[in-house]
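Student: The primary structure of each chain is shown beneath.
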Amino acid sequence: MEQAYDIGKRLRDVNYVPDETLAMALQLSLDLKRPLLLEGEAGVGKTEIARALAAVLGTNLIRLQCYEGLDANHAIYEWNYQRQLLAIKASEHERKPADILEEQIFSETYLLKRPLLEAISQTTPPVLLIDEIDRSDEEFEAYLLEILSDFQITIPELGTITASAVPHVILTSNGTRELSDALRRRCLYTYVDFPTLDRELEIVLTRLPDLEADLAAQIVRFVQALRKEDLEKIPGIAETLDWAAALTGLKLGCVDGDLDSIKASLICLLKTESDQKSITTEVVSRLAGQAA
Amino acid sequence: MEHQSTEIESGHKITRQIAGFVDHLRLNDYRIGPKETRDIAGLLVASPLAPLKQARTQMKILLSGGRDQWMRFDELFDAYWVPRGRERQSVKPHSSHKDSSLALNQGIWKNHLASDQPTDNKTETELDDGVDGDQSEGADSKLIATEHPSKSKTDFRKYLDPQEIAHAEQLAYQLAKAMRNRLSRRFRRDLHGSRLDFRKTIRANQCHGGDPITLVKKSRPDRPVRIVILLDVSGSMKLYSRFFMQFVKGLVCQWIDTDAYVFHTKLLRVTDVVREKNAVKAMTKLSLLSEGFGGGTKLGESLDQFNTIYAKRTLNSRSIVFIVSDGYDTGSAEKLAHELKRLKRRAARLVWLNPMIGWRDFEPITKAMSAALPHIDHFASANSLASLAAIEPELARL
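Chains as they are written, first to last, in this note's numbering: chain V, 1 to 292; chain H, 1 to 398.
Incorrect hints may have been included.
To be verified - Straight-line C-alpha distance at most 27 Å; calculated DSS-like pairs for lysine-lysine:
id	chain 1	residue 1	chain 2	residue 2
1	H	341	H	367
2	V	271	V	228
3	H	53	H	35
4	H	312	H	335
5	H	200	H	218
6	H	344	H	367
7	H	217	V	271
8	H	266	H	367
9	V	277	H	312
10	V	89	H	200
11	V	277	H	200
12	H	35	V	33
13	V	233	H	367
14	V	271	V	251
15	V	9	H	53
16	V	228	H	200
17	V	277	H	344
18	V	271	H	341
19	H	35	V	233
20	V	233	H	53
21	H	218	V	228
I should point out that these hints are in silico values taken from the structure, not numbers from a laboratory.
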């Protein structure tokens, strides 16, 4: 428990406020050296965890953003063809033997390291963030399995590269596609929910230390109530912080004062047209009444 | 094997208990290998006096693999490790997995299902009566929607009639096949494609100095439609549930992208259960899930549950959603209309199959049905195999 508490405290030192389960999950993943799969709605701070962890451990953060059509060339390595061609052209007049030339152009100088290769060739173990894994194709997911279990990459021209330091891997997913059982089995799993009132208040106060405690409490209560409304896109923590900053900028002291300004500032929280239509001035005044 | 204290004891007994717990989770569809078992055993032995809550969170992180499992874990954990005055039947993890799974099912689930089961016999006889008669005759006085979920467990094994199964499954299969194939407009890289992909060919041949040596081909990929089926298993649909469960089983086969749910007052995902190849095992699982089958209907609430939890993950722009229900609802009609509107936004097509349409002089006059009609793309009868077969050409056009 001390350890879990410890990492929780260290995360707080770098301005990240984790809940107890999340701190324990991070601790377990560090202890067991297993990747950690975080699932949850957009905007609950999944990506931020990796950043905070890198700060806590004092290492690099290497990020691989997944998208449909992401392939091994973009994720692992690629030869720098242009440079290789140039090298061949440049050495034409030197009349080098082919095998020496070949050795030269298939060396690490001509290798473009993409995030995954980069991550396993560091001297100190970095934090490797594989973001939105559910966006990538199933083929890529299968490819990832090999790397996640053995931490080695085979390059035909160079041979197998084994990890010099095993990275701390964090995968995030928004749940838009079911991930394969094989991938899930290799990872520890945590479902990240929207923060509770107390935790969100702590986050707002940590990130915006200049904010008055009273206004912060009102803002958080308002957002928590807003999440219970029927929305297409539920506002995340980043939106709460944006809104808090916006209210400070507008110099509004409380959320139930100037309703029109409040309504206008809701563009920070509501990101689709139908959401903006469904939250009318009446709804705003009801929510503000609850929050104040 | 009694657990009196809330702290997990150490010693060699623990390993047997852990094996039992893992078995318990596996029966509940957790995919857990020996590696995970070793991991949790290591954790527990390393800190034998850890508080129960911590042990639970650690196991939850280690063993669950998805949102469903994450949400259910606490309940399953408590059912196994924390006795609440109910006696858990002893688990023998050393017996071979094959014969243990069936035998243990009942015992392990006792803690979750309502313990009062005196209604069991009554329900079965009542159902048998209805099932033997012709569908339209047997259903006279039973179409009353009730507010409370029934606590009895319906045993689906009673319903198995091999010929009917085969027929319903085959029909479902044909329907799914008719709807399945759509060609994409876009091209994708394909090893055996019919056309050359110039852009990718140029890119791939940079390493040959631009001489086209490796050719990259492309083709239009199949974009199979995804079928999502929501089946009403409430009291008013009792006569049809047997038949439609088989229909669902036919839809949810290996090569068609399907997702199946049943609902009464709440919604349950049954895809994995239905996909189970071993029929006896599947039916046992289903009857274990079936608490509340044959009770009241809350269409709006169930759809709300679907929209909030599953819709985002399961629906895409190529999804066809089937709702199989008679529209006898105890919830509010406005709620239903609202939820259908939400559902329509995410799904490509919304098809409502209503077993009552086959009846002569039927008009969709229930409040729920008339509220739902404007949001539905296709409204069809489904009271017999013949009527289902009749909608196949319609669906092929959708």
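Student: Quick one: which hint numbers does this structure break? Sort them smallest to largest.
Tutor: 7, 11, 13, 16, 19, 20, 21
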